[in-house]
Amino acid sequence: MDTTGTTGAAADVKPPVLELRAITKFYGEFKAVDDLSFSLQSGSICGFLGPNGAGKTTTIRMILEIIKPTSGTITILGRSSALEVRQRIGYLPEEKGLYKKMKAWSVIAYFATLKGLSRKAARERAYELLERYGLKDFADKPTDALSKGMGQKVQMLASLAHDPEFVILDEPFSGLDPVNQQVMEEVIRDIARRGRTVLFSTHVMQHAERLCDRILLIAKGRKMFEGAISDAKRLLPRRVRLETGDAIAALQALPQVTSAHRLESHNLGPTANGAVEWELELHENADPQAILQTCFSQGIRLKSFNQTDPTLHEVFVRLVGTEAKEAAFR
Amino acid sequence: MKYALLVAWREYAENAKTKGFWIGLFLMPAILFLSIQVPVWLEEKATPTRYFVLLDQSGSLAPVIESSLERAYQRKMLSALNEYARKYGQALNGTGGTPATPDPLSEFAEGTPRALETFVARGGREHFLVQLQPRLKPGAPTFREPRRVFQRADLPAGISPKAELTAIAEELRPYLRGSTKSAVDGRPVEISAAVLIPPHVDKLIVRPAATPAPGTAAQANTRSPGPPDQIQYWSINASDFSLRSEIEQAVNTEIRRQEYLARGMDGAAIRAVEQTYAAFASLNPKKEKGKEAIDTMDTIKQWAPSGFVYLLWLAIFVIIQMLLNNTIEEKSNRIIEVLLSSVTPGELMMGKLFGIAAIGLTMVGAWMVALFGILSWKSGGASELAGQLLTVLHSSNLVPLFAIYFLLGYLMYSAFILSVGSVCNTIKEAQNYMGVLTMVMMVPLLTMTFIPKDPNGSLARILSWIPLYTPFTMMNRATADPPMIDLIGTLVLLIFSTAVALWMSGKIFRLGILRTGQPPKVIEMLRWVTRRDG
Chain A
611 MDTTGTTGAA
621 ADVKPPVLEL
631 RAITKFYGEF
641 KAVDDLSFSL
651 QSGSICGFLG
661 PNGAGKTTTI
671 RMILEIIKPT
681 SGTITILGRS
691 SALEVRQRIG
701 YLPEEKGLYK
711 KMKAWSVIAY
721 FATLKGLSRK
731 AARERAYELL
741 ERYGLKDFAD
751 KPTDALSKGM
761 GQKVQMLASL
771 AHDPEFVILD
781 EPFSGLDPVN
791 QQVMEEVIRD
801 IARRGRTVLF
811 STHVMQHAER
821 LCDRILLIAK
831 GRKMFEGAIS
841 DAKRLLPRRV
851 RLETGDAIAA
861 LQALPQVTSA
871 HRLESHNLGP
881 TANGAVEWEL
891 ELHENADPQA
901 ILQTCFSQGI
911 RLKSFNQTDP
921 TLHEVFVRLV
931 GTEAKEAAFR
Chain B
4 MKYALLVAWR
14 EYAENAKTKG
24 FWIGLFLMPA
34 ILFLSIQVPV
44 WLEEKATPTR
54 YFVLLDQSGS
64 LAPVIESSLE
74 RAYQRKMLSA
84 LNEYARKYGQ
94 ALNGTGGTPA
104 TPDPLSEFAE
114 GTPRALETFV
124 ARGGREHFLV
134 QLQPRLKPGA
144 PTFREPRRVF
154 QRADLPAGIS
164 PKAELTAIAE
174 ELRPYLRGST
184 KSAVDGRPVE
194 ISAAVLIPPH
204 VDKLIVRPAA
214 TPAPGTAAQA
224 NTRSPGPPDQ
234 IQYWSINASD
244 FSLRSEIEQA
254 VNTEIRRQEY
264 LARGMDGAAI
274 RAVEQTYAAF
284 ASLNPKKEKG
294 KEAIDTMDTI
304 KQWAPSGFVY
314 LLWLAIFVII
324 QMLLNNTIEE
334 KSNRIIEVLL
344 SSVTPGELMM
354 GKLFGIAAIG
364 LTMVGAWMVA
374 LFGILSWKSG
384 GASELAGQLL
394 TVLHSSNLVP
404 LFAIYFLLGY
414 LMYSAFILSV
424 GSVCNTIKEA
434 QNYMGVLTMV
444 MMVPLLTMTF
454 IPKDPNGSLA
464 RILSWIPLYT
474 PFTMMNRATA
484 DPPMIDLIGT
494 LVLLIFSTAV
504 ALWMSGKIFR
514 LGILRTGQPP
524 KVIEMLRWVT
534 RRDG
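Going line by line, the protein sequences match chains A and B.
Position in the first sequence (from 1) plus 610 gives the number in my numbering.
Position in the second sequence (from 1) plus 3 gives the number in my numbering.
The hints are simulated quantities; they were obtained by calculation from the structure and are not laboratory data.
Take the hints with a grain of salt, since some may be wrong.
With the C-beta cut set under 10 Å, the calculated list includes, among others, these residues of chain B facing chain A [claimed, not checked]:
| no. | residue |
| --- | --- |
| 1 | 5 |
| 2 | 124 |
| 3 | 333 |
| 4 | 344 |
| 5 | 517 |
In silico lysine-lysine, BS3-like type, Cα no more than 30 Å apart, as pairs [unchecked claim]:
| no. | chain 1 | residue 1 | chain 2 | residue 2 |
| --- | --- | --- | --- | --- |
| 6 | A | 710 | B | 431 |
| 7 | B | 20 | A | 678 |
| 8 | B | 206 | A | 710 |
| 9 | A | 710 | B | 165 |
Being a predicted model, the structure only gives us computed values, none of them experimental.
Think of the CB as a built atom: it goes at the ideal place given N, C-alpha and C, for glycine as much as any other residue.
Start from the sequences, fold in the hints, and give me the full structure.
Structure below.
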């Protein structure tokens, strides 16, 4: 497991798209980001995860040079200043907003010109994007006539209009209905398919699980995990769930089983037929088959037997659950 | 710089689409047009020809009154003709030098009683126009004679002119109240006034007690003059005295002439005395030697800057509001983040400043075009004021100064606006700060009317040296030849303090624009300014 980013043998020929080294940011006395280092390879989709207030937006703002870190260095697309390469970066901020009186196409075109497109090219590109994503009829409407989801789509298109090679999306799914969330996922996959790099923040793990090659998990400004999703899942013990009316002392005695507890989330006490649901946590390299065999040999009658991998959600809760709760009450 | 211009372009294009901009653009010219046009309309239309009944039972005063009214009308005619000649006549044989022959119309040029007399004696309007004819500019419109404001109407049919005045007055009442119409040339007209003169005028004459009436015994002053013993002026319009005073003056002049004659004075001598007058002129020691005379032009020159101060105030106030709205919109919609991932805060601020400045310049530019347009259009015709205003504008540096002070004033106040806009999330939050600004900005509006009376006095000079007020106050003093030190010194100070204010607001802007939550305290903002690094 490699939590320190790609170094040494893993060094690619290509330099990383983004590299943060020991970034710290203070807001007065408050340490928003604490000694954060990570790097991002080109052509990947990276999920930037963390509970509310973990420092995701602050980090993204520092990457984009909207604010300056208190200490540490950032290299983006080979430069130390994001503004030097602004034409090659696309950014969708967390809080979405558009000029209310401007027409949809002209908002997109305006941001594209700020990213270096000529006025004419920007206009053409705006219409092209709006048509591609089903907003052609709204191109000439002022943005305050659009629904929230449409507005967000327009803003997304605005951040992509100049075809950036590195796209940073801060909470791209928030405020979207399930259908539009799917559309957004599709847009992100589209970007990646064309060899672009995507970094997006979210606290909804399902999106990250479906989209990401890698994730970066932070809490309280500190890095908790960086790496592939499969590696993240390996951080949690393997588990089996079983349902039985019999005693399971024999299973608890097994060396592979580290703990066992009754699941009472949806049923208080035994079910109608007297069965109880158990969850057993296993050692890292344990084979669930061994548990099954023990059940047969010990005469434990099973109503069900499930071997589940931990979800990213569980990884998240396990890794940052306490911090997240603390943050919520701070 | 390229990015600042892109921001500026958007600010310009978007603001140019707002209703506020177009209202601002057209409102001022509309107000100007109306303020020039309405008096003209009023003169032409709103005061209709007024018909009056004149009943003179004495038989001696009616001709005098009529000829006096006629003379008043001829005076008006002459002045209209002079105006017409000034506008459409060319100088006689004159190409720069003095005319080869003396101008035959020059004797009418001044509005003296003598000129009027000559005018009437030579044949009035016809004579004048014949004289003017050869030098009329091609395409000049035909002369339109002024309307007679007062027209005599006959006593309404059915009222006996021989009856008692009290009875006649009683019978005239419904006519004067407007409930019954009389007829002039077969058309029904409203009688707006009636002048009733009793049979024995000499009995009405009031003389000082010590002076006995010539010839007859003096009892006049011993009687208490009741209504039948006075010349009666009947009208429901109690506020308009122009007809009454005209008639009163005519009657009294005639009565005095009769007195003189009764005391044995020579009629010709009396006429000669009546035409004597002393020339009187108001002079201004500040004006060029030989041109010290004060005329309406000087009054206009004194007050025109106040108009520009008002325009300046209005323009600055309107566009700093735009700047505030736009800054807060970007902040409250969080568009600012996308912007700042593309441009630096400095570029953004510059762009906004330029864009809104361009909007403002477009607006005041349109105002100036409208001002000159309307004035030139109107000065060719009905409005004398328009012509004089135009001359003042051409002969002074009001317009260039207006442009300079507009730009500097805008930049000065926008420094404040950008600071406020960057730290506030909503217009509501900004309102607190704007209240202070509005109070500060009220001062030039209040002093606007005082400064022209003493344009180089202490109040004016002190205000001029306060950079916040320099644009308004110096604009106000523009035509009063302020001392050079005031003109240059305040301008340098204004430029310097504007630069400092913008630099300070740049620091606040950079830090404030990304801030969310409560606006910071003023003391905190000052700390941002003094901080070395953002």
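Here is how each hint holds up against the structure:
Of the supplied interface hints, the one on residue 5 of chain B holds, with its beta-carbon coming within about 9 Å of a beta-carbon of chain A, less than 10 Å. For the restraint placing residue 124 of chain B at the interface with chain A, the shortest Cβ-Cβ distance is roughly 72 Å, beyond the 10 Å limit, so the hint is violated. Taking 10 Å as the C-beta contact cut-off toward chain A, the hint placing residue 333 of chain B at the interface holds, the least distance being around 8 Å. Proximity of residue 344 of chain B to chain A holds as hinted, the smallest CB-CB distance being about 4 Å (cut-off 10 Å).
For residue 517 of chain B, the interface hint holds, since its Cβ comes within 10 Å of a Cβ in chain A; the closest pair sits about 7 Å apart. For a cut-off of 30 Å, the pair hint linking residue 710 of chain A to residue 431 of chain B stands: about 18 Å separates their Cα positions. Among the hinted pairs, residue 20 of chain B with residue 678 of chain A is inconsistent with the structure: their alpha-carbon atoms are about 36 Å apart, more than 30 Å. With a C-alpha separation of about 85 Å, the suggested pair residue 206 of chain B and residue 710 of chain A falls outside the 30 Å cut-off, and the hint is violated.
Annotation: proposed proximity of residue 710 of chain A to residue 165 of chain B is violated, straight-line Cα distance about 83 Å (limit 30 Å).
Checked against the numbered hints above, the structure violates hints 2, 7, 8 and 9; every other hint is satisfied.
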